[in-house]
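Visitor: Given next are the chains, with one letter for each unit.
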Amino acid sequence: MSEEKREIVIPSQFLGDAKTDKAGRGTFIEDGKIYSERLGVLNKNSGYINVIPLKGRYDPVEGDFVIGIVEEASTSSWLVDINAPYPALLHVNEVPWDVDFGETEKYLKHGDSIMAKILQVDVSKKIQITLKDHNLYKIKGGHIIYVEPSKVPRVIGKKGSMISLLKKYTRCRIFVGQNGRIWIDGDDEGIAKVLHTIRKIEDEALSYGLTDRIENLLKKDAKDVR
Amino acid sequence: MTVIPSIKRDYLSKLAEQGKRADGRKFDEYRKIEIETGVVSKAEGSARVKIGNTQVLVGIKMDVGEPYPDSPESGVLTTAAELVPLASPDFEAGPPDADSIELARVVDRGVRESGVVDLEKLCIEPEKVWIIFIDIHILDHDGNLFDAASLASLAALFTAKIPAKRFELGEKDYPLPLKDPPISCTSVKYNGVVVLDPSLDEDQIAEARLTVATDKSGDIRAMQKGLSGSFTKEEIKKVIKASIDNGEEIRKILDRSIGK
Amino acid sequence: MKSDIKLIDSHGKRLDGRKPDELRKIKIEAGVLHRADGSCYLEWGGNKVLAAVYGPREAIPKHTQNPLKAIVNARYNMAAFSVEDRKRPGPDRRSREISKVISEALEKIVLTEKFPRAAIDVNIEVLDAEAGTRCAGLTAAGVALADAGIPMRDIPVACAAGKIDGQVVLDLGKEEDNFGDADLPVAISPRTGEILLLQMDGHLTLKEFDKALDMATNGCNIVSDLQKKAIMDKYKSVLEVE
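Which chain is which? The protein sequence lines are A, B and C, in order.
Mapping to the working numbering: the first sequence position 215 is 215, numbers consecutive.
Heads up: take any position in the second sequence, counting from 1, add 1000, and you land on the working numbering.
Heads up: take any position in the third sequence, counting from 1, add 2000, and you land on the working numbering.
Please note: incorrect hints may appear among the correct ones.
With a straight-line Cα cutoff of 25 Å, these simulated DSS-like cross-link-like pairs (lysine-lysine) come out [as the list claims (entries may be wrong)]:
1. B/1020 <-> A/140
2. B/1014 <-> B/1238
3. A/55 <-> C/2069
4. A/44 <-> A/117
5. A/138 <-> B/1014
6. B/1165 <-> C/2069
7. C/2069 <-> B/1032
Simulated from the structure, these hints should not be mistaken for laboratory data.
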């Protein structure tokens, strides 16, 4: 199946008529015309015109899995940096531990990293996160790197294809947060290989046939080692 | 202020125990250094230095004025640094903070007190001397601002021209009276290892920092220890040796860029 | 201070050889800095400016937060070495005024309602100055905002017109700014033609003002194409496969 030609659009670029098309994400309507609101890739899907952002800070969405870094511990909550324009609140009720009043610091302190889920984003963008889910916990060991949130889908791949490749050939545990933070754990060589490959994916995120190229690269490295 | 995840700190420390750095460099290896001179037309001298992704721009401006009362026949040299918000999400707008003052004074020490500029030759007549302003403008902070700023200051000085014509003090603009410069090399220490030319990550987890400026003969001309950690005597001696070795290589890059 | 310099001759040729409606040489490059979320390096005649955008991020201090939308903080700063007579580092009254009018222009164009309580910080550093720095700065800021992925209605652009020796001309150069009769910097939203920034000093009749505004707006449209090309040049290459 040949890939659709990818087109890059910029803010204010005219994309279509509101009478014949539907305005999707990343667009705005003015005088019956649909325009792009940001730098991104044009995507037409089920009658909708969307612009998938090429760059930009993470915009929190309820249900997203993210990697957060604890900024401060208060008496019954923690303030967590999730790489969004606002810190997120983690309440003691949303963690799997029984935390006594004022004992928050014993469980999570400044600099600790957590895998969390966005619980709620209200109208004024106040964010609440939770650790109450079987996949979520305080992270120990490994390394954390950062990619542009817009590139996260590429690192994960269609139905997780890219990340499965990475895990298979490097034997590392990898967790990709929607907020652009990625946690990697494994032996030093594995971690280095993951880092190198992710940077390559970042650089070539928009090119065609990336998944195959990455697979070949990883296969080749594995063969060389033997 | 961006929070540094403790995992990152632990990972870098673990690598350090095995003699490795996160970007694959050796402990005493510098990132790629690029120097471009004559980049600001309004300045009497200017240079842009890149060390890895770190970018610093230095401009030299000159004026005629009164000497300091305790050195009436010497020119004046003053250094200032601006850590503009453009260069890092952690830099705030406002008057120079302690970090930018320390940066300026360390660069100044390596340039003025080492006698690179022969200030005695900058006296025009009694009570009238040339004043040199070195202005350091940080453009992109990716670790090791000290060395980028020092190198840019030297490259700017060595390609600067005294604006004699504009001040009606001569028919032609001419270069500054300069001697062989000392080269500044900065190291940081974390988890018991000391590395040269810290990357941004290494700068952020550094416990202690040491800048050493050495000259062509391998003598020490300026030093500055920063941050609240400590060094052992052996570590300091190792840093000095690494600074002398790297200083030689960096001096070659500087000479090429100023057309020597 | 008037001088005896003739700024434009009988054939309409200016001191630097330009025609009355000709722009100085412009070069724009997007995405030039590593740390900033978006950035732009721009040369316009003898001007060299660097713009960087951080955000949206938390607005600090907290009392500046607007619960309904993001605040746009533009900070225009001139490097000490950017002018003939060294400028003392730090904001002076002129820089603060320019920062304010640029912030206001950008606020209109950025979709600020998407980021309540946040701040979008736009930093403009003038590294080499030669008349028209605020137009160069705002133009660079527009590219930097797009490069940062900030949602906007349009990419703002600015250009100035003025009057020299009684004639309305486009894009004043150094001597024209110092010895001319009027200066009119204008910023627009190129898609709609809406005016986002407008300042004027000097002396213009109504007819001259109309002509100058037209000229400046035309200049803006030409520069707008250059901005868009700079952004596309930066990102087009990522579509190509080696």
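Visitor: Hint by hint, say whether it matches the structure.
Guide: Quick rundown of the hints versus the structure:
no.: 1; hint: B/1020 <-> A/140; verdict: 21 Å, holds
no.: 2; hint: B/1014 <-> B/1238; verdict: 21 Å, holds
no.: 3; hint: A/55 <-> C/2069; verdict: 20 Å, holds
no.: 4; hint: A/44 <-> A/117; verdict: 29 Å, violated
no.: 5; hint: A/138 <-> B/1014; verdict: 20 Å, holds
no.: 6; hint: B/1165 <-> C/2069; verdict: 54 Å, violated
no.: 7; hint: C/2069 <-> B/1032; verdict: 42 Å, violated
Violation of the numbered hints given earlier is confined to hints 4, 6, 7; the remaining hints are satisfied by the structure.
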